[in-house]
Each structure stands twice: as structure tokens, then as C-alpha cells.
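Trainee: Heads up: the protein sequence lines correspond to chains U and L, in order.
Note that my numbering has the first sequence beginning at 26, numbered continuously upward.
Note that my numbering has the second sequence beginning at 10, numbered continuously upward.
Be a bit skeptical, because a hint or two may be false.
[As the list claims (entries may be wrong)] In silico DSSO-like pairs for lysine-lysine, Cα to Cα no more than 27 Å straight-line:
| # | chain 1 | residue 1 | chain 2 | residue 2 |
| --- | --- | --- | --- | --- |
| 1 | L | Lys62 | U | Lys305 |
| 2 | L | Lys97 | U | Lys289 |
| 3 | L | Lys127 | L | Lys170 |
| 4 | L | Lys69 | U | Lys305 |
| 5 | L | Lys170 | U | Lys289 |
| 6 | L | Lys69 | U | Lys289 |
| 7 | U | Lys64 | U | Lys289 |
The hints are simulated quantities; they were obtained by calculation from the structure and are not laboratory data.
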Amino acid sequence: MTTLNRQAEIARAIQAAPLLSPIANKLLQVTARSDHEMKEVIDLVKCDSLLTARILRVVNSAVMGLVHPIGSVDHAVSYLGERMVVGIAVAECTSEFFGKPLEGYEGESGQLWRHELFTAIASRAVARHARAPLPADLAFTAGLLHDIGKAILSEFLRGTSRELVADIVRGDTADYLAGEQERVGLDHAEVGFELAHHWKLPDTLTQVIRHHHHPETAAPGLRPLVYAVHLGDILAMMGGHGTGSDSMKYHLHQGYAEHFTISKDDLALLLLECSDEFRKVEASLASLKET
Amino acid sequence: MSQMVLGIGDYGASKQPDTEIKTYALGSCIAVVLLDPQTRTVGMIHIALPESKINPAKAKEKPGYFADTGLPLLLQEMVRHGCQPKGKGLIIKLAGGAAIMDYNDTFNIGKRNLLAIKKILWSYGLGPRSEDVGGTFSRTVSVSVKTGEVILSSPGRPNWKI
Numbered sequence: 026m027t028t029l030n031r032q033a034e035i036a037r038a039i040q041a042a043p044l045l046s047p048i049a050n051k052l053l054q055v056t057a058r059s060d061h062e063m064k065e066v067i068d069l070v071k072c073d074s075l076l077t078a079r080i081l082r083v084v085n086s087a088v089m090g091l092v093h094p095i096g097s098v099d100h101a102v103s104y105l106g107e108r109m110v111v112g113i114a115v116a117e118c119t120s121e122f123f124g125k126p127l128e129g130y131e132g133e134s135g136q137l138w139r140h141e142l143f144t145a146i147a148s149r150a151v152a153r154h155a156r157a158p159l160p161a162d163l164a165f166t167a168g169l170l171h172d173i174g175k176a177i178l179s180e181f182l183r184g185t186s187r188e189l190v191a192d193i194v195r196g197d198t199a200d201y202l203a204g205e206q207e208r209v210g211l212d213h214a215e216v217g218f219e220l221a222h223h224w225k226l227p228d229t230l231t232q233v234i235r236h237h238h239h240p241e242t243a244a245p246g247l248r249p250l251v252y253a254v255h256l257g258d259i260l261a262m263m264g265g266h267g268t269g270s271d272s273m274k275y276h277l278h279q280g281y282a283e284h285f286t287i288s289k290d291d292l293a294l295l296l297l298e299c300s301d302e303f304r305k306v307e308a309s310l311a312s313l314k315e316t
Numbered sequence: 010m011s012q013m014v015l016g017i018g019d020y021g022a023s024k025q026p027d028t029e030i031k032t033y034a035l036g037s038c039i040a041v042v043l044l045d046p047q048t049r050t051v052g053m054i055h056i057a058l059p060e061s062k063i064n065p066a067k068a069k070e071k072p073g074y075f076a077d078t079g080l081p082l083l084l085q086e087m088v089r090h091g092c093q094p095k096g097k098g099l100i101i102k103l104a105g106g107a108a109i110m111d112y113n114d115t116f117n118i119g120k121r122n123l124l125a126i127k128k129i130l131w132s133y134g135l136g137p138r139s140e141d142v143g144g145t146f147s148r149t150v151s152v153s154v155k156t157g158e159v160i161l162s163s164p165g166r167p168n169w170k171i
């Protein structure tokens with residue numbers, strides 16, 4: 026198959042991808058606005074009985090360790106925080122999409138979701154080290170969606186990972202992103218960008234998805250957020266939560282230092298804190314699957 | 010065949026021949042494998058960070074997370090299985106410690122882990138016989154207690170032994 030034919034096939038796969046649920050989409054729209062209030066999030070949740078039930082299940086799950094159960098949506102959303110509410114809404118409608126094995130990357134079932142979740146937690150944690158204030162919950166959401174392109178591209182990369190890895194080791198290919206380009210004419214950041222358009226995600230999120238491996242190419246105003254996700258992604262891979270054959274085969278862009286102050290000890294603590302939070306969040310979201 | 014799976018900061022040892030000790034997806038973390046040919050005991054630890062001083066509370070809760078608090082405990086565990094953790098009796102193998110491409114000093118936790126581990130091993134008069142560390146790929150490590158073979162795997166590569 027020629028590269029052009031592959032690109033057309035990928036475009037068709039993006040159009041055929043399952044859409045986000047209306048409630049997840051509205052939550053993403055609202056929380057991407059810098060002037061939104063928690064009440065707007067609570068009001069949206071109240072309009073969706075299924076999401077309300079899921080949020081109450083998570084907040085009252087054993088892993089949260091509450092002494093007294095929470096029965097009100099207001100209290101549950103305030104307790105969990107905006108990022109968890111968005112996480113639950115996105116997890117609910119993307120479990121099949123994110124949960125499937127990434128065969129093109131030799132990634133196992135659920136590995137993409139775990140990578141997205143770790144990156145989300147790490148991006149939020151990195152945002153706290155920004156030189157200028159950065160909306161940490163937005164960094165979480167952007168991290169949660171940054172690699173959506175892999176869910177589409179994986180199928181088109183099937184059978185390529187060994188050769189691609191060997192090319193990178195020999196120095197014939199710059200990194201995994203370049204390897205994807207060489208094989209199918211598109212990389213997962215571009216495919217994710219197109220899928221984000223198809224999903225009608227807010228522009229801020231689509232730009233993070235597009236530039237997360239090359240933050241220096243993002244619009245200047247967005248760069249701190251894109252760098253937060255760039256570093257969150259790297260922390261996920263360092264912590265053993267990559268998506269398969271591509272893990273660690275991307276470049277660290279040193280321009281992050283312009284926007285963040287992170288020492289060696291800070292980075293070690295970030296890895297530690299994010300690993301702990303990841304275990305807790307993963308366990309609390311697992312309560313959604315319990316009957 | 011029973012499997013002992015070690016998560017981040019876990020350590021363990023076994024002399025049951027039908028046991029496989031395994032740890033998954035080492036990024037910048039390092040697995041230290043101890044093999045004692047005398048007692049046919051195998052031990053392993055999955056270390057995430059070099060020094061416990063950055064978070065003493067975590068070191069108390071999960072000492073295996075750090076090289077300085079975890080390695081002495083793994084050696085104690087080997088002693089509990091009848092090993093003599095001194096001199097040349099133990100065979101030691103290391104795997105992991107990967108780094109992202111174009112890393113800087115801040116992001117090279119893998120190398121800091123490796124240096125800390127070696128320093129602690131030296132303080133016991135021990136050193137690694139073989140190591141597969143660094144590079145830009147994650148590693149899964151498994152060891153058969155029966156054969157003592159240390160097998161590494163990584164997506165996109167055939168398995169290999171160290």
C-alpha cells in the first residue's frame with residue numbers, strides 16, 4: 026500500500042472512530058475555559074444520571090477510605106476535584122477505544138489508558154513547578170488525551186515495531202515519531218490532532234495533542250501547557266508506563282527550563298508522588314468496573 | 010510453575026525451583042538480581058530512586074523503593090534463605106536504568122540509580138557480574154530459580170539473556 030493510500034485509510038479510520046459522550050464533551054469544553062467555575066461542572070454532572078452514579082461509586086469506593094459515605098453530587102465533585110470528574114467521564118466513554126491492545130506498538134490491553142492516566146497525573150504535578158501560574162487541572166485533561174492518535178495509528182503500524190526499533194538503535198531514524206512518519210506518512214501526534222477535531226475538542230487540547238513531542242512549535246501562549254504534557258509523558262515512560270515499543274524513544278526538549286524550575290530532587294519526588302497517585306486513581310477508577 | 014511478581018519498590022527471594030521471579034517495565038528503575046549458587050537462591054529488587062533522604066516517610070513505608078534502604082533488606086532476605094552476602098559468593102546482575110533521548114542531568118535518574126546501587130554493593134564487597142543498563146528502551150526481567158537464567162524482554166526486540 027502506498028503512503029498516500031495509507032493516509033486516506035487513516036483518515037477514514039478517524040471518521041469511523043467512536044465519538045465521546047455528549048457529557049464528556051461538554052465537561053471538556055467547560056473545563057478548558059480559564060474562567061469556568063466549579064458550579065458549572067457540578068451542574069453538568071447533575072444533568073447526567075449515569076455519570077452521577079459513577080462519581081458517587083468512585084467517591085464511596087474502598088480506596089477513598091471515607092468514614093461517612095457521600096450522597097450529594099456537590100459534595101462528591103468537590104471532594105474528588107474537577108480532574109477526577111473529567112477522568113471518570115472520559116474513562117466511561119473511551120474504555121473500549123483506550124482499552125484495546127496497541128498491536129502496532131506491541132502494547133497490551135489497557136496499556137494506552139494507563140499511560141494516558143499516568144501522563145495526566147504527571148502533567149498536573151509538573152504544572153505546579155511552572156514559573157508562571159498554569160492551570161493544573163487543564164494539564165491533567167490534556168495529558169489524559171495526548172496520545173489518542175495511537176489508538177488509530179496502531180493498526181496501521183502492525184508488524185513494524187522490530188524494524189522501527191532497529192532503525193532507531195542504528196541511528197537511521199531520529200525517533201519513534203519519525204519512524205511512524207516513514208512507515209505510514211503520519212505520526213500519532215498528527216493523527217491525534219485530526220481525531221481531536223473529529224471529537225470537536227477545545228482548541229487548547231487539540232494543540233497540546235498536536236505539539237506534545239515538539240512543544241517549541243506550539244503557539245507561544247500555549248507552550249507552558251504543552252511542555253507540562255511533554256514532561257508528563259516522559260515521566261510516565263520513566264515510571265514504566267509507556268505504550269510499548271516506542272517507550273523512551275522520543276526526545277526531551279530542553280526548552281522546558283524556560284517555563285519550569287525542576288531540580289534533580291524535584292524530578293525524583295515527582296516520579297514518587299505520581300506513582301503513588303497513579304496507583305490510587307487507577308484503583309478508584311477500577312471500582313467503575315465492579316458490579 | 011509459580012510466579013513471584015515484584016512491583017516498584019518490592020523485593021523478594023526464593024529457593025523453590027519451580028518459581029519464576031519477574032518484574033515488569035523498568036523505565037529509569039533498575040532491577041538488581043542476586044543469585045547464590047551454593048544455596049540455589051534467587052533474589053530480586055525493583056529500585057525506583059537512589060536515595061531515601063528525599064522522602065523518609067516513603068522509605069519507611071516502602072524501603073525497597075530506594076537503593077540505600079532497599080538493597081540492605083534484599084541482602085537480609087538472602088541471609089534468611091541461608092546465603093552469605095559477602096565476597097564473591099553471590100552473582101549479581103543489573104538491568105534497567107533507561108533514559109529518554111537527549112536527556113539532561115536532571116532527567117538521568119537511571120544513571121543515578123546505577124551509581125547508588127554500585128556504591129552500596131561495593132560497601133558489602135560485592136559487584137555486578139553483568140549488567141544491561143541505560144539505553145532508550147524499557148525492560149521486563151524474569152529469572153528462573155531452577156536455572157538462574159536472567160531473561161530480558163522489551164517490546165520491539167527479541168528476548169535476550171544476561
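Trainee: Of the hints given before, which are not true for this structure?
Mentor: Hints 2, 5 and 7 are the ones this structure does not satisfy, whereas the remaining hints hold.
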